[in-house]
Amino acid sequence: MNPASLSSPSNRLHRTMVLSLAIAALVFAWVRMATIAEVDPWYRNTDMNIHNMADALAINSSHSPNTIDQPNLSVKFLLALDFRVRHELGLLPVWNMQKFGQSPEPLHEIPPLIRALKMHSRMLVLLVILAAAGLTYVVTRETDSVCLTVILLCGSTGLLFHGLLLRPELLCVGLGNVLALLCSWQSTRATRWRAKSMWLFAAGILVGLATLAKLPGVCFLALCYTWCWLAALIDRAENSIPARAAAPGFWQGLLPALAGVFMLWLLSHLAGYHDLLGEVVVSRLRAAAVLVGLLPLLSLWPRPNHLLRFFIDRSRELAILAAGSLAALPLAYLLLRTVMSETAASTYMARTLSFLINPGPTMKLFLSDKPDLLGEFMIFFKESPVVCAGAITAAIVVCLLGNVPLRLRAFILLLLAGAFGLILLMCRRYFSDQYSIFLQVPLLLALALSFSGLGIWWRRRRPAAGVHWTASMVFIAAFALTLTLYVRMKSKYSYDQDDVPMPVNDLTLTFIFDHDAHPGSYLEIMKSRYGNREQFARSLDAYLANPTNRH
Amino acid sequence: MDLFLLHFLLLVWLSLGAARQLTDRLGDILLAAALLAWGNVVATSLLLSGFNLLGDGAWFLGVSGLLAGLTCLGLQRLVPAPSAGPSEPPGPSRWLVGVLAPILTLLAGACFALVYAYEPNNADSLSYHLPRAMYYLGQGSLNHFDVADPRQTQLPFNYNLLQLFVLVHGAPLPCLNFINLCAWSAGGIALYRLGLLCGAEASPTLLISLLTLVTTGVIAQAATTTPELAVGVALLCAAMFFLRWRQDRLSRNAWLAGLAASLAMGSDLRAALLFIAGASGWLLWVRRRPDARSVLRPWRAPLLLATGLALPFAVINLANGELGFAVFGRPADIPGRDFWTGWWPWQAPGSSVLLNEDNAGFGLTGLLFLLGAGYLARCRRDVSSWLVWGALAWVAGVLICHRLSLRPRDFTPALLLAAPAVASLLGTAAFSRRAGRGLLAMVALTALWSTGVYLLKNTSRPLAPMLHASFVPPGVPNLPLLVEHRMTGQPWVNVDTDAADESIFPFMSRGRGQRFTSRSTLEPGAYNLLSRPAAGRNATWSTLDQTPAYVLVPVESKRTAGVEFLATIGAGSAARDYLGLGPHPGETTPISSNRTLLVTLYRMAGSKELVRIKLAGLNPADQAHLVVALQHDDGSNNHVATITADGETTVAITRPFRVLVFRAVDSGTGADIGSAGLEHQANSTTEAKPLDPTRASSISSLFVTDIVLSRSHGGIVCEGLLPVEGPFPQWDIPYIRWAREPLVRLHLPPTEGFTRLQLAFSFRLHVRQRGQVALYFNGQLVRHYTLEGQLNWVDETLDLPPQAGANILEFRDATHKTGPDWAEYLERYPDVKNHLLSANLPLEPGAESHFENKGRAEGRTVKMRELPELEPAYQSYYFMFRKLRLEGFKAP
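Chains as they are written, first to last, in my numbering: chain A, 1 to 551; chain B, 1 to 892.
No lab work stands behind these hints: they were computed from the structure. Check before you lean on any hint, since a few could be wrong.
[Stated by the list, open to error] To give an idea of the chain A side of the interface with chain B (calculated C-beta under 10 angstroms), a few residues:
#, residue
1, Leu264
2, Leu266
3, Val280
4, Val281
5, Val282
[Unchecked claim] Short derived list, chain B residues pointing at chain A, Cβ under 10 angstroms:
#, residue
6, Asp2
7, Leu522
8, Leu722
[Claimed, not checked] Simulated DEER-style distance windows between Cβ atoms:
#, chain 1, residue 1, chain 2, residue 2, range
9, B, Leu106, A, Gly360, 45 to 55 angstroms
10, A, Leu334, B, Asp795, 53 to 63 angstroms
11, A, Val27, B, Gln76, 22 to 32 angstroms
12, A, His306, B, Gly170, 30 to 40 angstroms
13, A, Ala542, B, Thr488, 32 to 42 angstroms
14, B, Arg94, A, Ala232, 25 to 35 angstroms
15, A, Gly360, B, Asp795, 50 to 60 angstroms
The C-beta atom is built at its ideal place from N, Cα and C for all residues, glycine as well.
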């Protein structure tokens, strides 16, 4: 862009408007989420809310939570930390299971905990939006695109829905689809081998943590690795290979080797829990640790030709990425150890790994044998037809324009492919409301990046011209879309859960009182205080009879 | 396993990090890394041995990691080795690489599959390579331990320390095979590099390297646990780095050559002799040169390193008063004639021919190399001729050391040494001619075919069955259930064996985290596994020169646990009897199978009269002692010795005798409580007795049998017992016989002079909670036994007076049904009785009605009584007998 044009009054006005709209969109999104949460009864969405709350209390009491159909470890750990911090700040009197049990009325302690949980979700949503803005920035280095990303994401029902309840999809997407891709991008732009390796390793760790939140997070490893290939191919095509080949193969291989050692240390540390882990899990983890540790040995290959060098470099990148993902497991264990005893942390880690590394048996129970992929996909499409159609159209247009950098086009296509690929995978479980975040966030990112691509095309075509007037229109349109958020989200949220009427339904009662996925200590507390289910139902009804106790 | 993999990864990377500072080419880096890793394991073992910490996996990992880290970091200060210059010779032809690479990949894959699937099963490894490492781990140091086989202690141990590295972390047994697979791979690299350094062209060197690798005798060792291949590769590495030093005079190459030499010398005595001879010759040659000082200076430190890593075994030998050459005086494992049977490996193995790594030969490749070596030794005077002389010296060393006790695998290092030299020969002469190429192709094809046959059909670890999905490769030989059951839970097992070639490793591979020591003295805190020759069980005084003899002295009234006979393993002269003595036997209650003393007799070397008597199983709490006496033909006795505790006693037996009697005597009463004897001369008319745990307890015994354990009952007829079953260690049940009928009857035939019957039995219930048994002897009730609980054994020993003629012994089930005693109820509660009488109600039904309707609520109780009818056991499982021993005595 012409520097003179940047400082023109119209551009300054445009910049001011864009920044204002972005900030307004953020504030608007926050207010909307807070408004809905304020009037939303606490006993709604108990499926995950109460479950996460009870597990966070258990973690803070050094009790091992149970693992059900998702690892959800990073979500629960962060919530447990949040409870601790709030307690230290004097905002939350009950922060662990002991305090919960000591309360004369444990039931009365649940609403404030749920409120804290919802506040935690909103903050996570905000952080994901900012992280996505960061990704747009490192890719485009343009404020406009960053602001557009913020505005678009603030209008995403798929994303903001997760600000009203606590589910693992939010962290999975935030860590895997946003931050891990950001690190991968940075890795391919780095010129020093140390920076390249560290960015890639960080991407691996983020993917690992995303997987620890929700199993499909592992797919982001393929996304990041695909980007490594695409970037390398683009560099070759453009003859713009960064001067990083001088890195000694030995030192580059040390990081995966250390990750392998770290993983084996964890396995050795969990030796007493191998029965809980199962033979398959232990074998897979051992094999992964050794393969990741030894794969970089290929770098020592003497005088490889160009093709072989290319493959060796990719194998090294795979090793570092996988090493990061693998290192996330012992890292998670060490994080758990900061708040839990060795026995509790080991048990929890063993349960999580048992599911995470060998999910087949559990998944068979939950996945549909004959999924109606198209029908389910159309549900996702119907929820956000404008976003889907707009992102695809914009991507096609940008890809057809010759002046747009190949790298940007490839990244947009990767985001689209990742979004549709993952959502097709998720169609085997009929959770469209919860899973639309997997589609909407990458599509909106692709949309924002396409907008940047169009801008580049325009500036290259008319170097002297300032910002095209349509750009401002796009921002205003996007913001207008954000204003409709409340209506769209309210209906989505209500459609998802029909648990408002009183008395509470059986499922809600189960999740509050005696769901077998809750930690034993929680069940004991509830049972010892309220007796059997019928007695608890009476207590709950009596408590909720007062309307002030419902929110 | 996890710590092993962790340690392995650490060693790989830190050794590579160090090696890349020492040398330049990839092949050399890999070889140097392998040498550094092996050297690290040896140094760690030596260091930890000094502090008796060798068996601690955490210490091993820590010290090894620290050493490797320090080496890696220390070498980073070195200027990296100069990279290969433009003088690098051209590589092998592409078509040759294209042809050989798939073949090598296929064979390497096959070896990998074998290594992964099979547990170690080489006879030498099971008898002394692996047990040696286990004993080192058990005692925490590399010191000698008590063995009858000098190979376990006196041979160099550097290769065994690699096995120790695997075993210290409790890795699965197939991991042990990977050592040789790595050595095989390293051998390929070393052969190629050494061939080039000898001046050969790349293509013939590559071809000869591959030919050597696929030679049956070499590839057979790639998937096993024998040391010769690793020793040969270490020799190659030493030669290779020596030649590199000769080229560039870099002291780092001298260091690596010294390291390789030390590892080879410390692994094989023959390699040590070869190096000493070679180094002496080279020194003499160098000293005549004017620049001798400058040539020798870089070798001072490597020489020290080589000494430090190679000679500890010799120092330990000397400290124990041994020179280490006793191993060569052993009788041949494989007679000389067998040496030739496997030499030509294209002979497909028949049913009677053993084809494994011990006797897989080298075929035409060996012949070709032999001819080439002969030609080179005669016509050449360059570095390749040095290698040939080294190979010939190795062959001479093997022939001298082993005489006719030869195995083809002993020649593996010689073949490896000769290969690079032959490559240089082919490069200049034969390879350039069509006939030579044809000959080479024929040899290569023959080698490939032989190797294929070997890999698919060898008798130790064949590949062919693995091609079937259902095949499960056999592991280490199984042990009898009772042995496995007794040993699995023991944290510390002490092995006391007098065998020189015993496959003891299978005993060590069953449990996890077990510690094994080998001491001839009994360890009270350990489970003592006693191994004796099966032939010694029925031996006599006159055969004591050939084999040790042992007798078991049964002591029925033994107060504490004694020796338990576990099993006989093997057949023929190699069969061994295994007996066990549990930990802290003096504080343990005996069971029916371990009320025994073990007396072993060894003739002292060079003496016909002195005998070493070794006693096991007699504890102070038994309050008994063992009297050794000579019994003469006229019935008179001569006292020889009195032994009061476990241990060894040497006695002199100078007079002729008929039976050497061992009598267990109660120290309090002076009564004989058990006896056994060793006859002077075998009675040729009597058949050798099988092992009978019911051996007579006295020399006045007329007959003895155990209805459960004995194979023959000598005319005693048993009714009512099922055939013997078990043992079932998983339920802690030994050999048993079921009583599936309410009556067990034993008919004892008329026996002349029969004055006393000793009956010892042990039985229990199985399905019923409570039972009663009445024991009858000749129709007279002897005793009633009440059995409580399903798992409690009732043990009893009785002396019964027999009648003249036949005798009948009966165990009758006397378990009656029980029911409420209403009469007693009415007696206890007269108000109830009065009420019934006044109401004119029947008494017993009325009492029952009252109890159910009112009495129970009022807190009244009903007592049970036995009913007249007997209670049958569910599915007729009345009792199980684990012992039913009958011993008849004549008048003393």
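So, going through the hints one by one against the coordinates:
no., hint, in the structure
1, Leu264, "holds, 4 angstroms"
2, Leu266, "holds, 8 angstroms"
3, Val280, "violated, 15 angstroms"
4, Val281, "violated, 13 angstroms"
5, Val282, "holds, 8 angstroms"
6, Asp2, "holds, 4 angstroms"
7, Leu522, "violated, 33 angstroms"
8, Leu722, "violated, 38 angstroms"
9, Leu106/B x Gly360/A: 45 to 55 angstroms, "violated, 33 angstroms"
10, Leu334/A x Asp795/B: 53 to 63 angstroms, "holds, 56 angstroms"
11, Val27/A x Gln76/B: 22 to 32 angstroms, "violated, 55 angstroms"
12, His306/A x Gly170/B: 30 to 40 angstroms, "violated, 46 angstroms"
13, Ala542/A x Thr488/B: 32 to 42 angstroms, "violated, 60 angstroms"
14, Arg94/B x Ala232/A: 25 to 35 angstroms, "holds, 27 angstroms"
15, Gly360/A x Asp795/B: 50 to 60 angstroms, "holds, 53 angstroms"
Figure legend: structure checked against the earlier numbered hints; hints not met, in rising order: 3, 4, 7, 8, 9, 11, 12, 13.
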